[in-house]
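Asker: In the order they appear, the protein sequences are chains A and B. Residues 1 to 132 (UniProt numbering) are what the first sequence spells out, left to right. Residues 1 to 618 (UniProt numbering) are what the second sequence spells out, left to right.
In case anyone wonders, no lab produced these hints; they're calculated from the structure. Where a beta carbon is used, it is the ideal one built from N, C-alpha and C, also for glycine. Hints may contain errors.
As the list claims (entries may be wrong) - Covered stretches of chain B, as calculated for chain A (at least 3 residues, CB under 8 Å):
1. 410-419
2. 422-430
3. 434-442
To be verified - Here are some chain B residues the structure puts well away from chain A; computed CB gaps all over 12 Å:
4. Thr25
5. Gly103
6. Asp115
7. Val183
8. Ala194
9. Gln250
10. Asp315
11. Ser376
12. Gln447
13. Asp449
14. Ser544
15. Gly548
16. Lys564
17. Ala565
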Amino acid sequence: MKTFLIDDDDLGNYLTETLLRLEGFSDDIRTFQAAEEALQALLTQLNEKIPQIIFLDLNMPVMNGWQFMEALAPYETRLHGRCRIYILTSSLALTDMEKAKTYSLVAGLIHKPIDVEEIRAIRSQLEEERAQ
Amino acid sequence: MSVSDSVPTNAFFDQHPDAVFTLNTAGELIRANARFAELLGYTPAQFVGTSLFQYLLPSETVRARQCFQQALRGEILTHDVSVRTKEQGIRSLLCTVFPLVEGQEVRGVHGIMKDLAAAERAEKHLRQREQQLSVIFNTMTDVVFVLDVEGEGRYRFSFANNAFAVTTGIPLAQLIGRLAQDVIPEPLRTMELARYAEAVATRQRQTWQETSDFPSGRITGEVTLTPVVNEDGTCTQLVGIVHDLTAQKQIAEALQISNERYEYVFRATNDAIYDWNIPGNTLYWGQSFEALFGHVLEENVSNLDLWAEFIHPEDAARTVNSLLQAVESADVRYWQSEYRFRRADGSWATIFDRGYVLRDAAGRPLRMIGAMQDISERKEAEERQLQMSREVFKQNADLQQFAYIVSHNLRGPLANALGFADLLQRTSKDTEVFDTSLKNLHASIRQLDAVLMEVNTVLSIRDQQEVPRLELVHLAGVCQRVAQSLEEPLHECAGTIVCHIPEDLRVSGNRAYFHSIFYNLFANAIKYRAEGRPLVVEVEGNASPETGTTITISDNGSGFDTVKAGQEVFQLYKRFHAVGPGRGIGLFLVKSHVESMGGTVAVESQVNVGTRFILHFS
Numbered sequence: 001m002k003t004f005l006i007d008d009d010d011l012g013n014y015l016t017e018t019l020l021r022l023e024g025f026s027d028d029i030r031t032f033q034a035a036e037e038a039l040q041a042l043l044t045q046l047n048e049k050i051p052q053i054i055f056l057d058l059n060m061p062v063m064n065g066w067q068f069m070e071a072l073a074p075y076e077t078r079l080h081g082r083c084r085i086y087i088l089t090s091s092l093a094l095t096d097m098e099k100a101k102t103y104s105l106v107a108g109l110i111h112k113p114i115d116v117e118e119i120r121a122i123r124s125q126l127e128e129e130r131a132q
Numbered sequence: 001m002s003v004s005d006s007v008p009t010n011a012f013f014d015q016h017p018d019a020v021f022t023l024n025t026a027g028e029l030i031r032a033n034a035r036f037a038e039l040l041g042y043t044p045a046q047f048v049g050t051s052l053f054q055y056l057l058p059s060e061t062v063r064a065r066q067c068f069q070q071a072l073r074g075e076i077l078t079h080d081v082s083v084r085t086k087e088q089g090i091r092s093l094l095c096t097v098f099p100l101v102e103g104q105e106v107r108g109v110h111g112i113m114k115d116l117a118a119a120e121r122a123e124k125h126l127r128q129r130e131q132q133l134s135v136i137f138n139t140m141t142d143v144v145f146v147l148d149v150e151g152e153g154r155y156r157f158s159f160a161n162n163a164f165a166v167t168t169g170i171p172l173a174q175l176i177g178r179l180a181q182d183v184i185p186e187p188l189r190t191m192e193l194a195r196y197a198e199a200v201a202t203r204q205r206q207t208w209q210e211t212s213d214f215p216s217g218r219i220t221g222e223v224t225l226t227p228v229v230n231e232d233g234t235c236t237q238l239v240g241i242v243h244d245l246t247a248q249k250q251i252a253e254a255l256q257i258s259n260e261r262y263e264y265v266f267r268a269t270n271d272a273i274y275d276w277n278i279p280g281n282t283l284y285w286g287q288s289f290e291a292l293f294g295h296v297l298e299e300n301v302s303n304l305d306l307w308a309e310f311i312h313p314e315d316a317a318r319t320v321n322s323l324l325q326a327v328e329s330a331d332v333r334y335w336q337s338e339y340r341f342r343r344a345d346g347s348w349a350t351i352f353d354r355g356y357v358l359r360d361a362a363g364r365p366l367r368m369i370g371a372m373q374d375i376s377e378r379k380e381a382e383e384r385q386l387q388m389s390r391e392v393f394k395q396n397a398d399l400q401q402f403a404y405i406v407s408h409n410l411r412g413p414l415a416n417a418l419g420f421a422d423l424l425q426r427t428s429k430d431t432e433v434f435d436t437s438l439k440n441l442h443a444s445i446r447q448l449d450a451v452l453m454e455v456n457t458v459l460s461i462r463d464q465q466e467v468p469r470l471e472l473v474h475l476a477g478v479c480q481r482v483a484q485s486l487e488e489p490l491h492e493c494a495g496t497i498v499c500h501i502p503e504d505l506r507v508s509g510n511r512a513y514f515h516s517i518f519y520n521l522f523a524n525a526i527k528y529r530a531e532g533r534p535l536v537v538e539v540e541g542n543a544s545p546e547t548g549t550t551i552t553i554s555d556n557g558s559g560f561d562t563v564k565a566g567q568e569v570f571q572l573y574k575r576f577h578a579v580g581p582g583r584g585i586g587l588f589l590v591k592s593h594v595e596s597m598g599g600t601v602a603v604e605s606q607v608n609v610g611t612r613f614i615l616h617f618s
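Looking at chain A on its own, in the form it has when it is part of the complex:
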């Protein structure tokens, strides 16, 4: 399962990536420390293989998680059903949870650190959808 990890914190990226690999969630994981780079990578292969799952951090310099979502807005219909975005944040703020609901591309919000149960839940969700 093609997966993007977007977080300026390299320790966080390493942690998430290792857990995903240990769980056998994905063997195609790309990490980005800047949201701008991830956006560019996504848009250049829009017609080809886009990631099915994106884990997106919120608090990042230059382009934060919400700005990344805004930048994706024009491509929403083309991404819908092909790409699920999970907000992965250390923030516990309720406002972020409320805001996450306003984006149809956002499938959920996960508080760091991501754990095994959460990874398994995401996988089973995907499998259910695929079965339908």
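Given the structure of chain A, go ahead and fit chain B onto it with the hints provided.
Answerer: What follows is chain B alone, placed relative to chain A:
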């Protein structure tokens, strides 16, 4: 009465105003004067030798002869006679006869006739005149009195009109015939008597004003005293007229009191009180106007244009228009406005102006009375309060933001530590993942510690709003010392820091703060240097009494987009570089330090060209 032996002289005859004649013992006219002839319509010569009785009415001849006989016997008699004039008219005359004695012998009779009608008419006329004068004297409101001058300082009231009694409350019965010194009360008496004496001595009219208490109340009058002088120049009488000024005096006094009160209000109030005559466009300002604004008016009376000239240009049109509109609206009584008004020294006072418009029955504006109140201080206090609440609000918002950021920044490494601890449990000890996870767990905990240290630093800066100790800081020295402390990282990236600050430049501030400022700016320059060219940081400083001290720190680093960054450059935990270990605290510290020393900091930057920080201390 004894009878004179002399014959009346010609002069006596001719010049006597009455008709005079002489009869012989037979009753024949010996002589008659011109007046006698005139009464009867003849010439005096025509009478000689004629009998007097032929000129009398026949009905009166008998009585006339009896009187004649009695006169011949030595009596003096007066009786009425009617004579027939040459033109057959009849005149009533009063006739007095007395004997003409020569030696011891009665030779005839002298007679004097008076025109009774004329005498009656004169008396009647006199009576009428007297009545008229009496009416005038007693109906006039001015007091009139006459004093007979008796000498030796004695003046006796011989006449006074009703007004005297009414005004003074002294009945005329108690006045007429009495001496002035017995009637006039002290302290008026002494003064009055002195005036009388003056009038008598100088024979000049005296005029003065006096106020005195009478039974009818306090009376103020203007007295005119006219001496009456007889032929030999002696003053025999004084005629006084007193014009009662009490009512006028009371009005004048009331007016004066009211004016005084108005003057005191003018002086007591801090407000500039004005009185604007609208049709004439004259403007009168109270004394406070000068005191409040320092404008020295050449003439107190000015006009509305002068007032308008002093109003702040931004307020003038609005204020003047609203005033004119209020004045033109017949039903508007009050006008008020707030505006800035120029003081003589060029500064601006904030004025609250409130005026009352006086109108005539048709609603036309006549005057406006108002007060300009200087509310600058109150306004400034309000401004300060507003500024303070803004600051408090901002600080509160900052604190909220700070709490949010801190929790986020704490939560980041904490979440990582949790994650790695969890991972360690799931992996075998001798794997690469285990080693890395352990290493990362340490790193996360160190980060956690670093965040807490920062929080401590930031909090201590926020607490310390004022610089504890001001000193003259030798900038070049501080700059060079900081550069030396960064020698190692500079060497690693082949960078240089060039300090051009003049050796003698000193700035009032805090040495530790300047140290921190240079350290953070240099560390940022090293952190965000451009790839592919060696870093060069140039520091310049110049000072002048006019412009203050300016320090610029310029680098040739990677720069950032100032448009995107906007005002957030100096905000806590804001980062503008995607790469590198920035925590978003350095520039926050720089700004805090600069501002707590009363300076300002600005930044110019261009992506891939470099960044320049400008510090300014005035």
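Asker: Which numbered hints turn out to be false for this structure?
Answerer: Those not satisfied are hints 12, 16 and 17.
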